[in-house]
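Quick note: the sequence shown uses the numbering used here, first residue 2, plus one each step.
Everything labelled a hint here was simulated from the structure, so no lab data went into it. Be a bit skeptical, because a hint or two may be false.
[What the hints assert, rightly or not] Derived pair list, reagent style DMTMM-like, types lysine to aspartate or glutamate, alpha-carbon separation capped at 20 Å: (1) Lys66 to Glu102; (2) Lys52 to Glu111; (3) Lys52 to Asp78; (4) Lys189 to Asp40.
[As the list claims (entries may be wrong)] Computed beta-carbon distance windows for the label pairs: (5) Phe183 to His143: 40 to 46 Å; (6) Lys137 to Pro33: 39 to 45 Å; (7) Tyr95 to Pro157: 29 to 35 Å; (8) Leu164 to Leu72: 20 to 26 Å; (9) Gly141 to Phe89: 25 to 31 Å; (10) Lys137 to Asp24: 17 to 23 Å; (11) Gly174 to Ile43: 19 to 25 Å; (12) Arg131 to Gln37: 26 to 32 Å.
All C-beta atoms, glycine included, are put in the ideal place defined by N, C-alpha and C.
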Amino acid sequence: STYMTLDYLPTASSYPWRTSFPDVNGDALALPFRDQSIDAIINVNVLEHVKDPVRVIQEISRVLKPGGMVLLVGPGDLTYSHGDPYMFFNLTKYAYRLMFEESHLNILEEYFPSKTFVSVANIVYMKLVRNRIYNKNRLGKHLQMPIFLLSLLLSPIANLIGLTMDLLIPFDGRGYDTYMVFAQKSAKP
Numbered sequence: 002s003t004y005m006t007l008d009y010l011p012t013a014s015s016y017p018w019r020t021s022f023p024d025v026n027g028d029a030l031a032l033p034f035r036d037q038s039i040d041a042i043i044n045v046n047v048l049e050h051v052k053d054p055v056r057v058i059q060e061i062s063r064v065l066k067p068g069g070m071v072l073l074v075g076p077g078d079l080t081y082s083h084g085d086p087y088m089f090f091n092l093t094k095y096a097y098r099l100m101f102e103e104s105h106l107n108i109l110e111e112y113f114p115s116k117t118f119v120s121v122a123n124i125v126y127m128k129l130v131r132n133r134i135y136n137k138n139r140l141g142k143h144l145q146m147p148i149f150l151l152s153l154l155l156s157p158i159a160n161l162i163g164l165t166m167d168l169l170i171p172f173d174g175r176g177y178d179t180y181m182v183f184a185q186k187s188a189k190p
């Protein structure tokens, strides 16, 4: 089997934490592969960073062989903005379902790794600890460190409360920050 990684270097190479580069430099809006040439695709946290998520799903379908599989992880309806200025969309499960159906991808399984209350805890963490206000000046950076250290103590407690609340109040499929889907391309379009 051959495994390849793909990323869009004009955007991705600007991130300071990048330590390696993909096998293929390509745009998810126009995948550089032949029709029906790929057996499986893993797409993680891309859709919120492209201008046309529908087109990305169409491209995935185009390059997948009939019966090919896709594992996609993307933002939910409570996702906190990240990757500025390249964050364009939060999506609901209904948007994912529509995009997959219109692209002849049959959803086999949906999963919500963070239910409502854990998602809210994550948003609170992002707002309090990872806020851009700390980047405005040196004083802000000095304030962020004790807040970050305090979060190391409090985050497990907040997550435990969130997990407990998610167990006590049944998840109704609304309010989540991450959506995962496993799908298969139809044998016949």
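Okay, the hints, checked on the actual structure:
1. Lys66 to Glu102: This hinted pair holds, its Cα atoms lying about 16 Å apart.
2. Lys52 to Glu111: violated (24 Å)
3. Lys52 to Asp78: holds (17 Å)
4. Lys189 to Asp40: Holds: Lys189 and Asp40 sit about 16 Å apart, inside 20 Å.
5. Phe183 to His143: 40 to 46 Å: holds (45 Å)
6. Lys137 to Pro33: 39 to 45 Å: holds (40 Å)
7. Tyr95 to Pro157: 29 to 35 Å: Holds: the Cβ-Cβ distance is about 33 Å, inside 29 to 35 Å.
8. Leu164 to Leu72: 20 to 26 Å: With a Cβ separation near 24 Å, Leu164 and Leu72 satisfy 20 to 26 Å, so the hint holds.
9. Gly141 to Phe89: 25 to 31 Å: holds (27 Å)
10. Lys137 to Asp24: 17 to 23 Å: violated (39 Å)
11. Gly174 to Ile43: 19 to 25 Å: holds (24 Å)
12. Arg131 to Gln37: 26 to 32 Å: violated (42 Å)
Violated hints, in rising order: 2, 10, 12; the structure is consistent with all others.
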